[in-house]
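Residue numbers (the numbering used here), protein chains in the order written: chain A, 628 to 984; chain B, 628 to 984; chain C, 628 to 984; chain D, 628 to 984.
Hints listed in this document are in silico derivations from the structure and should not be mistaken for laboratory results.
It is possible that part of the hints are untrue.
Distance windows between CB atoms, simulated [to be verified]: (1) 759(C) <-> 783(B): 48 to 56 Å; (2) 644(A) <-> 858(B): 40 to 48 Å; (3) 644(A) <-> 798(D): 57 to 65 Å; (4) 858(B) <-> 794(D): 46 to 54 Å; (5) 815(C) <-> 652(D): 19 to 27 Å; (6) 783(B) <-> 755(D): 57 to 65 Å.
Ideal Cβ placement from N, Cα and C applies to all residues, glycine included.
Here is what each chain is made of, one letter per residue.
There are 4 protein chains.
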Amino acid sequence: MNYADYLKLDQLLSIQQPESDRLGRPARDELLFIIVHQAYELWFKQILNELDVADQAFTEDHVDDADIGKVVHALDRIAVVLRVLVNQIDILETMTPLDFLEFRDLLIPASGFQSAQFRQIEVRLGLMPEARISFNGQSYKSKLRAIDQRLLSKLESQSSLADRVETWLLRTPFVVWKDWDFEDAYSRAVATMFANERHMISENPELDQEQHDRQLRNVEQSEDAFRSILQPVDGTVAAPGWRFRPQALLAALFINLYRDEPALQLPYRLLTALMDIDELLSTWRHRHALMVQRMIGRKIGTGGSSGHDYLKNSAEKHRMFGDLFALATFLIPRSALPPLPPHVQRAMRYQYTDTAS
Amino acid sequence: MNYADYLKLDQLLSIQQPESDRLGRPARDELLFIIVHQAYELWFKQILNELDVADQAFTEDHVDDADIGKVVHALDRIAVVLRVLVNQIDILETMTPLDFLEFRDLLIPASGFQSAQFRQIEVRLGLMPEARISFNGQSYKSKLRAIDQRLLSKLESQSSLADRVETWLLRTPFVVWKDWDFEDAYSRAVATMFANERHMISENPELDQEQHDRQLRNVEQSEDAFRSILQPVDGTVAAPGWRFRPQALLAALFINLYRDEPALQLPYRLLTALMDIDELLSTWRHRHALMVQRMIGRKIGTGGSSGHDYLKNSAEKHRMFGDLFALATFLIPRSALPPLPPHVQRAMRYQYTDTAS
Amino acid sequence: MNYADYLKLDQLLSIQQPESDRLGRPARDELLFIIVHQAYELWFKQILNELDVADQAFTEDHVDDADIGKVVHALDRIAVVLRVLVNQIDILETMTPLDFLEFRDLLIPASGFQSAQFRQIEVRLGLMPEARISFNGQSYKSKLRAIDQRLLSKLESQSSLADRVETWLLRTPFVVWKDWDFEDAYSRAVATMFANERHMISENPELDQEQHDRQLRNVEQSEDAFRSILQPVDGTVAAPGWRFRPQALLAALFINLYRDEPALQLPYRLLTALMDIDELLSTWRHRHALMVQRMIGRKIGTGGSSGHDYLKNSAEKHRMFGDLFALATFLIPRSALPPLPPHVQRAMRYQYTDTAS
Amino acid sequence: MNYADYLKLDQLLSIQQPESDRLGRPARDELLFIIVHQAYELWFKQILNELDVADQAFTEDHVDDADIGKVVHALDRIAVVLRVLVNQIDILETMTPLDFLEFRDLLIPASGFQSAQFRQIEVRLGLMPEARISFNGQSYKSKLRAIDQRLLSKLESQSSLADRVETWLLRTPFVVWKDWDFEDAYSRAVATMFANERHMISENPELDQEQHDRQLRNVEQSEDAFRSILQPVDGTVAAPGWRFRPQALLAALFINLYRDEPALQLPYRLLTALMDIDELLSTWRHRHALMVQRMIGRKIGTGGSSGHDYLKNSAEKHRMFGDLFALATFLIPRSALPPLPPHVQRAMRYQYTDTAS
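One chain only, chain A, in its complex shape (with noise of 0.2 Å):
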């Protein structure tokens, strides 16, 4: 056993084959450009291995509790990768246009847009075809291998992570405890809380009617919102703007709300490392189209695309957990929250002593 032998290193470092070079007439920085690429595809390769954990574990019908550490912690290192490959454009930023154009026009039709593992990351985590940008009215995956495109038609018809991590919230556990039932408990509280706003408004004397008429329809939109996930009109269904279904949005409510609990730590974390994923992709497209704007300003990519336009609303509208990000609009302060029953609490608590267990 040897450093070189095992890491592959005779292979590994042979396939970085400039095509500059190839034609005779070379430019340094392709070696850059190339290898920071290879780079990226060694991550993506570990960000789905990762993925294999959070499936395995989130299956259909069933989660093991002893299995939900293991996905936050595999959620966890995915975005420690995409930390690390947000700063890893720093390096690529190094290139600039002009070296680049030295051996641009070489890559033609070649792009990062045919990145198979790229994609089978997005399809993964939940990205819906039809959430999409248009790419000049062709499918994301009419320029990948053939071998890619099966690949991925098969990933899109399995379930997604977002899919799993509904299906696990549908199922949650305490929401409805014996007698108690968080719904009713929260939509008693909602209501109090806007009967008290209402009141206040209509007691207000400072208030002339026009501003005490656009105070009382604010309250009004307010709870037209909350109607998107309490007492919804058909439960079976995402409300309009919505992923999530209501009950998966309620769980995923209570999860946030009751947090403290130590059985609910565990699915905290988890939904927080969802939205920590969903927020580093974010900056990383972001990030990738303020350097393609630097690096070919108004030019079109060397796929085709509009370039910088193409990233730079894919980096707004490519979300996967969204919803884990609104449902901070759902939340009433502490002081208003119903306190949880004591039966409920208990059975959320571990029970140390012989006689309990």
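Since the structure of chain A is provided, determine the placement of chains B, C and D on it from the hints.
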């Protein structure tokens, strides 16, 4: 002389006064909220101090060569500070929406929009009033204190860094040097490049009529783009979609193309530093927008803005040096670049021997 | 309520008062020097505030399970703050030695050694007085203000976070549970492992006498090491080279080995957070030492210390949770790990069904 | 041309072959272990490529001015890469000691010590064989493959970057220019400074005899230190404790002191970039040492080293450009600095007018 007295620590550490404490319902994370904003304001003060270096060196009518290094140093420092400010968002993101909710209402209508120093930075760098995203139809200054409004109005009437840089670019030596004129030489090189492209399209037997026509239209569009800076209709005004006048863009292009010449190294680094600052500010806004989304979901901000949407759009629109990014559009490969005549090149280098001086 | 008033900006931004200005020979970078230190002190205040969370939860005689998540959150936040403080050194490094020299003499004998808050952080985390590197034979407190000295002496007489964590570890449930005793089970597994190793050495025909003896001695040394925590001579005192008592180390080992059990996830994350903090503080000291070397070369510091050397050594010696790192010495492969008996494992999981509660 | 073919993805993504898989007892984190090391090796290759830029430009007998900017760019890029490599340790730290233990034994005796590319980087930057920490009394090359040993021996016999930089410094123009000699001027300024200090000590009525004597001894020690570079006993050899010869140090000092002169800006940035690289390598070693401690505690490394201790010491001792840090010792305040005579300053600036060229 003592560390605590020198740094005024007794004062510094006594001006974190949470509203939630004052009102008798302490919210633990309000201290974090105050400290992170105070840290931002300290760094904003430092950024403004560095902008003084640039303002003093880049006067309307003269820039001393020995000062350009100092300005590059000041701008690079701003970039390093901004990098920390981006990372600092990680700290604020450790505050959860539920923790924020405990004191959020107490802050209304105070808002980060009222940071006078941040507005000064924007104005002094060169964010133009007409480029600002409308904010409920009101001036961005309307919510600020009168003293801050006056200062900002005064700054708006003065030259920004972008203005000063444009003036400096217009004076760039060597762009025209004795009998040599960069614009002529570059125009010829560009014309040759396009003629070659047209020729290749016409002679390509594999193109059908439609492809042939489309490719020719692409070439025509590129030629049009070049006319923004080469032989413009009116060289005294900026072309549509540009901020800088054609001659300034031409000088910036010259600096980018011949940056290896010792005399152009510092100007090149200065332009790069301006792009770094622009990019970091945009990244800060992007991350800020995501953080706000995580914190308040789809609610409106404490200052009354649409929160996430406003910040998201400003990450895209509140750019100062977009022209420098767009310059990449005009680069041509080094192989097609007109070489500097020897007498121009000689003028741009040092003469080390006694006899030469 | 107004942003500027809320943050006390008028006061905050008026307490940067460079000595060089006061003396009429302004040194531009003294502002940077003041601001970077003030930013450090603001963050130190926040760190101390987070340590309060841990102190309140980890009392001498009880830790509420619902509080462990809060403490992990507070410690993780400290780590995020420390990461920014490490990056902040990048800003100070933009000050060149020559620029520092313009005002360095004015600071004597003030020094960062006098940061009372930093000393509080060290003491409260658990840096032991006897572990401190001697500083010209004087107490580290000698240069501080009397009020700060008194506070530090008081803190030294109280339990540090390390003390509290040790006490908490000593109470870890499940290490002994009904008829099961982790120490016995682990001791047997370790004994079996060593017996196997001895057997393999004895039966290996390729070893000559000298190799045979050396490998056996290695095994004996490893066995000795294990006796620091397994069946120690005196379990009531820490073994030489260790801070924590054997039973606390054993509990930490138990937590690390069976971390996938839901009941151990938060304790595991707590131990990890302590190591992160220890590592980040060490990295901060290391980078601080390099920065000082760059700034003053081989001169002595303004406070009279040997500057670089002191800081360099403290990066190595001023550790609080080295025991947790050293625990890795005692891990055995999962394949050799004694499985948890079903009744122990069951006790460490939640029971979700009504009947079980 | 296709993304996957261009980057040789089929090969790249097929050379992660965990030993644990081959032996039929898969350890999930071995993939991470392989990928992080392969990513390191890719970046090492890029660093070596950048060192080529420096080697080609900094030949023994000539450096073209137009190349210095390119070398600074290459060195700055190395620093950006190293910054990512430091951050990449965060990823490896997500692997827990227990997970590492599952495959650690399978690697013996392979070890990161066998990274031939890392050794090349050390040698080419200028780490001197005699400065290397002894490693069980064997050469650092002894565990490498024969082909790697030969390459390293060859590199050791060639000029390192440090050697080339020293040669270049020795040729620095303007240090002596016509009738002006920097060494003379600076020696006089230093002598005046020390005379003033002696005078102040002698005239200070508050000092007792012992303080008086001690302060005088301090001045004498400082004067001795200056003699390492000013009027050294033998200018052709480096003084004890230094790597560079006095004239090279003097030139580096000159560059630092008068860095605002346009002609010295790039040389100044080059020296700064070398310090950045030195510092980042040291920080990488420091973090690597902490990571190893966390991973294996007090065990020895797979390659047989003392692991943490070796790495910890190398962070301190394996420095290449320590002389440049130590130069700060010799700086004197700008107010005491001898001004450049006008004819020297003029020679160090550009002449923009036709008549001047």
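Earlier hints that do not hold, by number: Of the numbered hints, just 3 does not hold.
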